[in-house]
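Peer 1: Take a look at the letters that make up each chain.
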Amino acid sequence: MFDYLEYIRERNFPHIWCSGCGDGIVLKSLIRSIKKLGIPKDEAVMVAGIGCSSRTPGYLDINTLHTTHGRAIAFATGVKLANPRLHVIVVTGDGDATAIGGNHYIHGARRNIDLTVLLYNNYIYGMTGGQVSPTTPRGKNASTAPFGNLEPSFNISGLAQAAGASFVALGDVYHVQQLDKLITAALSKKGFSVVEILSPCPTAYGRRNKLANPVDLMNWLKDNVVQKDKLDKMAEDEKVGKIASGILWDVEKPEFSAEYDKLIERLKAEKRSAE
Amino acid sequence: MPSSPTGKIVMMQGNDACAEGAIWAGCRFFAGYPITPSSEIAEYLVRKLPRIGGKFIQMEDEIAAMGAVIGASLTGAKALTATSGPGFSLKQENLGHAVMAEVPCVVVDVQRGGPSTGTPTLPAQMDMQQARWGSHGDHGVIALTASSAQEMFEQTIQAFNFAETYMTPVILLFDEIVGHMTERMVLPERASVKIVNRKQPTVSPDEYLPYEKTKDDIPVLANFGTGYRYNVTGLCHDETGFPTNDAKKIETNILHLTEKIERHRREIMRWKTFGLDDAEVCIFAYGGVARSAKRAVKECREAGMKVGLFEPTTIWPFPSEEILDIAGRVKSFVCVEMNLGQMAREVELAAKCKAEIHRVNRVDGDPITPNQIIDKVKELV
Ligand SMILES: Cc1ncc(C[n+]2csc(CCOP(=O)(O)OP(=O)(O)O)c2C)c(N)n1
Ligand code: SF4
Numbered sequence: 004m005f006d007y008l009e010y011i012r013e014r015n016f017p018h019i020w021c022s023g024c025g026d027g028i029v030l031k032s033l034i035r036s037i038k039k040l041g042i043p044k045d046e047a048v049m050v051a052g053i054g055c056s057s058r059t060p061g062y063l064d065i066n067t068l069h070t071t072h073g074r075a076i077a078f079a080t081g082v083k084l085a086n087p088r089l090h091v092i093v094v095t096g097d098g099d100a101t102a103i104g105g106n107h108y109i110h111g112a113r114r115n116i117d118l119t120v121l122l123y124n125n126y127i128y129g130m131t132g133g134q135v136s137p138t139t140p141r142g143k144n145a146s147t148a149p150f151g152n153l154e155p156s157f158n159i160s161g162l163a164q165a166a167g168a169s170f171v172a173l174g175d176v177y178h179v180q181q182l183d184k185l186i187t188a189a190l191s192k193k194g195f196s197v198v199e200i201l202s203p204c205p206t207a208y209g210r211r212n213k214l215a216n217p218v219d220l221m222n223w224l225k226d227n228v229v230q231k232d233k234l235d236k237m238a239e240d241e242k243v244g245k246i247a248s249g250i251l252w253d254v255e256k257p258e259f260s261a262e263y264d265k266l267i268e269r270l271k272a273e274k275r276s277a278e
Numbered sequence: 201m202p203s204s205p206t207g208k209i210v211m212m213q214g215n216d217a218c219a220e221g222a223i224w225a226g227c228r229f230f231a232g233y234p235i236t237p238s239s240e241i242a243e244y245l246v247r248k249l250p251r252i253g254g255k256f257i258q259m260e261d262e263i264a265a266m267g268a269v270i271g272a273s274l275t276g277a278k279a280l281t282a283t284s285g286p287g288f289s290l291k292q293e294n295l296g297h298a299v300m301a302e303v304p305c306v307v308v309d310v311q312r313g314g315p316s317t318g319t320p321t322l323p324a325q326m327d328m329q330q331a332r333w334g335s336h337g338d339h340g341v342i343a344l345t346a347s348s349a350q351e352m353f354e355q356t357i358q359a360f361n362f363a364e365t366y367m368t369p370v371i372l373l374f375d376e377i378v379g380h381m382t383e384r385m386v387l388p389e390r391a392s393v394k395i396v397n398r399k400q401p402t403v404s405p406d407e408y409l410p411y412e413k414t415k416d417d418i419p420v421l422a423n424f425g426t427g428y429r430y431n432v433t434g435l436c437h438d439e440t441g442f443p444t445n446d447a448k449k450i451e452t453n454i455l456h457l458t459e460k461i462e463r464h465r466r467e468i469m470r471w472k473t474f475g476l477d478d479a480e481v482c483i484f485a486y487g488g489v490a491r492s493a494k495r496a497v498k499e500c501r502e503a504g505m506k507v508g509l510f511e512p513t514t515i516w517p518f519p520s521e522e523i524l525d526i527a528g529r530v531k532s533f534v535c536v537e538m539n540l541g542q543m544a545r546e547v548e549l550a551a552k553c554k555a556e557i558h559r560v561n562r563v564d565g566d567p568i569t570p571n572q573i574i575d576k577v578k579e580l581v
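Chains A and B, in that order, give the protein sequences.
First residue of the first sequence? That's 4 in the working numbering, and the numbers climb one at a time after it.
First residue of the second sequence? That's 201 in the working numbering, and the numbers climb one at a time after it.
Hint data in this document are derived by calculation from the structure and do not stem from the laboratory.
Keep in mind that a hint or two might mislead.
[As the list claims (entries may be wrong)] The calculated lysine-lysine pairs, modelled on PhoX-like cross-linking and capped at a C-alpha distance of 25 Å, are:
1. LYS193(A) to LYS256(A)
2. LYS265(A) to LYS231(A)
3. LYS44(A) to LYS31(A)
4. LYS399(B) to LYS415(B)
5. LYS554(B) to LYS271(A)
6. LYS184(A) to LYS256(A)
7. LYS394(B) to LYS208(B)
8. LYS552(B) to LYS274(A)
9. LYS31(A) to LYS225(A)
10. LYS415(B) to LYS274(A)
11. LYS399(B) to LYS44(A)
12. LYS265(A) to LYS576(B)
13. LYS460(B) to LYS498(B)
14. LYS399(B) to LYS472(B)
15. LYS576(B) to LYS413(B)
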C-alpha cells in the first residue's frame, strides 16, 4: 500500500471537497508523482490561487502558499526566480488561470519559467457556486448562464502552447495511471509545464447539466477523453466530441531562471576580466 | 541614521537614490512594471542587481509585480516594487495579501496626479489616503515620506528595516518633485548604516508555528526551502497558518494586524521640525512640498512672524499625539499639500479643536511655491 500519510497534513482532514469531486484524485496522483521522483518535501513549494482546486495546499505537507484569485503564477514566478533550487508547483482552476489570471498564464508560458502548472478544468466556477467560466462549453448551463452559455470556450492547453510553454499535457481523473505519468513528466520538465486536468464538479456543474451523479461524470470522462495517438487514428465521425489526452506538446527551450543565473555568471566573469 | 551623515558626496536623482538605498538595505529582488515618474528605480536596479547576485524582473502588470515580490520575499529575499498612482491602484489586492500573510516587502509610489491616468509627468500627493485604506479590510499600515534625494535613500533603507522588523509591507510615498530632482547627497559610511534582517526560527520544525504569538507580537516566518514546512494564506488563519472559521481566532487575527503596528508606534514614528518651539502658526507639510514650506518658514521668520514647520517623515501611522501636543501650543495649522487636503483631515481629527486648521492646496500639477504659503500665513498673523 502506498503511504500517503507521509505527504499529507492529516490535521486538516476531512477536506472541503464535495463527495464526487475530482480534486482529491489529483492530489493523490500528485503525491505519487512527487514520491516517484524523490522530490524532497522541504524543496517543494505549492502556490495556489483561489477556488476549490486552489485549496489543495492545505492538505499537502510541503511549503505552501495560497495567494489571491488568478495570481498564483505571478507569486510562483517570484518564488522560482528568487530561489531556482525550489520545485514550484502551481495549482489553479479554469477560472483562476484563464479568466482573472489569463495574463499571468500567457506570460508565464512566454517566459518559460520552470513552473509545473496543474490546471484543474471543471468547466465552471466551483467555489462560488457554479458561475460560467471561460471553459464552460457553449450551450451548457451555469448559474450565470441559465439559458445556456452563449460564449465559445477557450482551448486552454492550446493557449499555453501558443504562448510559449515548453510542455503541455491533458489528463483526467478517470484515467488515473495516465495522469500519474503526465504529472511526473511535467514535474521532471525544466520549463513552463502545464497539465490541464479534467476534474469533474458534480455539485456546481453536473447538477445543472444532467450529470449530477459523479458516476455519470466519470463515465463521461471514460468515453470522451481519448489518448491523442488513438484519437488521431479514429475516423472523422468518431472524433466528434472527443478530447485528446496525453502529452500534447514537449519541446526544449531556454528556461528563464536558468538564463538569469547565466547572466549573473557572465557579469561576474566580465568583472573579473576587467580587474 | 544621522541627519547630516559623513561620507562620499554624490549628485543623485531621487529615484536613483531610492534604488541605491534599496541595495544598501540588502534588497536582492525587484519586480515592477514601467510607469512615470517611477521607472528610473527599475532602470537603476536592472543594471545593478544581477551584478550582486540579485534578481530583476519586469512583470506583465503591477498586480503580477506585487505577487512576485511576495513570492520572492517568502524565500528570504528582501524584495521591492516601484510604481505610481495607476499601478499603486492595481497593487492593492496583493498588498493586502502581504499584510494578511505578514510578508515583509517595500512598495514605492512616486506620486503623480490622479484620478485615473491623470497627469503622468506632473507631481501630486493624491495617494496619501489610498496608502492607508486602498486595500480592503482593517489593518495597520506603515508609510514613509521624503523631501530630498538624501531622504529617499535613507527612508528606503528605513522602509526595509521596518518591513523586516515588523513583518509587514512598508509603503514609500514619494512624489515626482523629489523623485526627479537631482541634487547633492552623501552616501554614508557603510558601517554607520543599521540594517535589520528578519528573524528565523530557533525551534525545531516540529515545534514551529509560523504565526505563534511572540513577545513583541511579530511572527517569525521561516524562509521557504529551509526545512520548516508551513502554510501561507490570505484567508483568516490561526497560529498554524491554516485557514480558520473560528470566531475567536478570526478576531485575534484581525486585531493583531492593527495592533502590531500600533504597539510599536513609538519606534515607527519619525518627524522633523523647523522653528516650531515658539511658533504661533505650524505649517504641516511633507514630501517635495516640505521644501517650499521650509523656505516659507525662513522668510516668515525674517519678517518677524512666529511660524514653524512640522514635517512627518512617518505618515502612517499618523503622528496624532504629536499633532495634539502642537495644537495645544499654536494658534493654527496650515496644511500644505498637493491634493485637496487628504492629510489635513487627519490633522483636524488629531488636533481635537485645540487649534484652527487652514489649508493650502494645489492640484494643477504645478508645485506649491513658498509665496503661496507665506500669503496664507500673513492672513493668519
Ligand atoms: C478578486 C476576486 N474576485 C472574485 C473572487 C471570488 N471567487 C473565488 S473562487 C472563484 C472562482 C473559482 O473558479 P475556478 O478557478 O474555476 O476554481 P474551482 O473553484 O472551480 O476549482 C471566484 C470568482 C475572489 N476570491 N477574488
Ligand atoms: S463545488 Fe465542485 S469543484 Fe468545488 S468541491 Fe464541490 S465538486 Fe469540487
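Peer 1: Would you mind confirming whether the straight-line C-alpha gap from LYS576(B) to LYS413(B) stays at or under 25 Å?
Peer 2: violated, 50 Å
Peer 1: Are the Cα positions of LYS552(B) and LYS274(A) separated by 25 Å at most?
Peer 2: Violated - the C-alpha atoms of LYS274(A) and LYS552(B) are around 60 Å apart, more than 25 Å.
Peer 1: Taken at face value, is the distance from the CA of LYS274(A) to the CA of LYS415(B) at most 25 Å?
Peer 2: The hint is violated at about 46 Å.
Peer 1: Straight-line Cα separation of LYS399(B) and LYS415(B) no greater than 25 Å?
Peer 2: Distance ~13 Å between LYS399(B) and LYS415(B) Cα, so the pair holds.
Peer 1: Would you mind confirming whether the straight-line C-alpha gap from LYS554(B) to LYS271(A) stays at or under 25 Å?
Peer 2: Since the Cα atoms of LYS554(B) and LYS271(A) sit roughly 61 Å apart, the hinted pair is violated (cutoff 25 Å).
Peer 1: Would you mind confirming whether the straight-line C-alpha gap from LYS193(A) to LYS256(A) stays at or under 25 Å?
Peer 2: Between LYS193(A) and LYS256(A) the Cα gap is close to 9 Å, so the pair holds against 25 Å.
Peer 1: Holds or violated: LYS399(B) with LYS44(A), Cα cutoff 25 Å?
Peer 2: holds, 23 Å
Peer 1: Please work out if LYS31(A) and LYS225(A) have their alpha carbons no farther apart than 25 Å.
Peer 2: Holds, because 19 Å separates the two Cα atoms, which is no more than 25 Å.
Peer 1: Are LYS184(A) and LYS256(A) close enough, with their CA atoms no more than 25 Å apart?
Peer 2: Measuring from Cα to Cα gives roughly 22 Å; hence the hint holds.
Peer 1: Does the structure keep LYS44(A) and LYS31(A) at a Cα separation of 25 Å or less?
Peer 2: holds, 15 Å
Peer 1: Mind checking the alpha carbons of LYS265(A) and LYS576(B) for me, to see if they're no more than 25 Å apart?
Peer 2: With Cα atoms ~59 Å apart, LYS265(A) and LYS576(B) exceed 25 Å; violated.
Peer 1: Take the C-alpha atoms of LYS394(B) and LYS208(B), compute the straight-line distance between them, and say whether it is at most 25 Å.
Peer 2: With a Cα-Cα distance of about 17 Å, the restraint between LYS394(B) and LYS208(B) holds, given a limit of 25 Å.
The earlier numbered hints that this structure contradicts are 2, 5, 8, 10, 12, 13, 14 and 15.
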